[in-house]
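Student: Sequence:
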Amino acid sequence: MICNVELDLILGFRRYTLNIWDVGGQRTIRSYWRNYFEQTDGLVWVVDSSDLRRLDDCKMELDNLLKEERLSGASLLILANKQDIKGALTQAEIAKILKVRQRIQSLQAGKSKA
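Per numbering that gives the first Met the number 0, the very first residue in the sequence shown carries number 0; after that it's consecutive.
Where hints are given, some of them may not hold.
What the hints assert, rightly or not - With a straight-line Cα cutoff of 30 Å, these simulated DSS-like cross-link-like pairs (lysine-lysine) come out:
| # | residue 1 | residue 2 |
| --- | --- | --- |
| 1 | K66 | K85 |
| 2 | K95 | K85 |
| 3 | K98 | K81 |
| 4 | K85 | K58 |
| 5 | K98 | K58 |
| 6 | K95 | K81 |
| 7 | K98 | K66 |
| 8 | K66 | K81 |
| 9 | K95 | K58 |
For the record, the hints were derived by calculation from the structure and aren't laboratory data. These figures come from a predicted structure and were not determined experimentally.
Taking the hints into account, I'd like the entire structure generated from these sequences.
Tutor: Okay, structure coming up:
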């Protein structure tokens with residue numbers, strides 16, 4: 000199995016370093032997510048607002064992540080992607096389905112393509 004996990008960006012400012020990883024959401028690589036939990040201060044969770052079929056799976060995986068002790072202090076940003084597609088769920092609908100309002104620092108809308 001090939002695992003395509005890449006370090007997308009390293010940003011530095013004074014004595015701070017920000018490592019940004021895109022670990023992907025495919026089922027076959029989800030077991031590798033835990034390799035990136037150490038020293039994680041923030042988590043960006045991208046939701047496809049137009050894919051209602053996968054939203055239950057999305058909720059289950061996010062619930063499992065939020066139970067991880069190593070992520071307990073991490074800020075959570077949920078990016079509701081593809082908001083420009085007809086029939087996409089609104090930010091409020093996604094927050095209600097995911098039932099994580101108490102953990103969300105931000106829920107942002109995104110478009111499918113620029």
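Student: Take the hints in turn and mark each one as holding or not.
Tutor: Going down the list of hints, with the structure as the test:
1. K66 with K85: violated (33 Å)
2. K95 with K85: holds (20 Å)
3. K98 with K81: holds (20 Å)
4. K85 with K58: holds (22 Å)
5. K98 with K58: holds (8 Å)
6. K95 with K81: OK: K95 and K81 at ~18 Å, within 30 Å.
7. K98 with K66: With a Cα-Cα distance of about 14 Å, the restraint between K98 and K66 holds, given a limit of 30 Å.
8. K66 with K81: holds (27 Å)
9. K95 with K58: The given pair, whose Cα atoms are some 11 Å apart, holds under the 30 Å limit.
Comparing the model with each earlier hint shows a violation of hint 1 alone; every other hint is respected.
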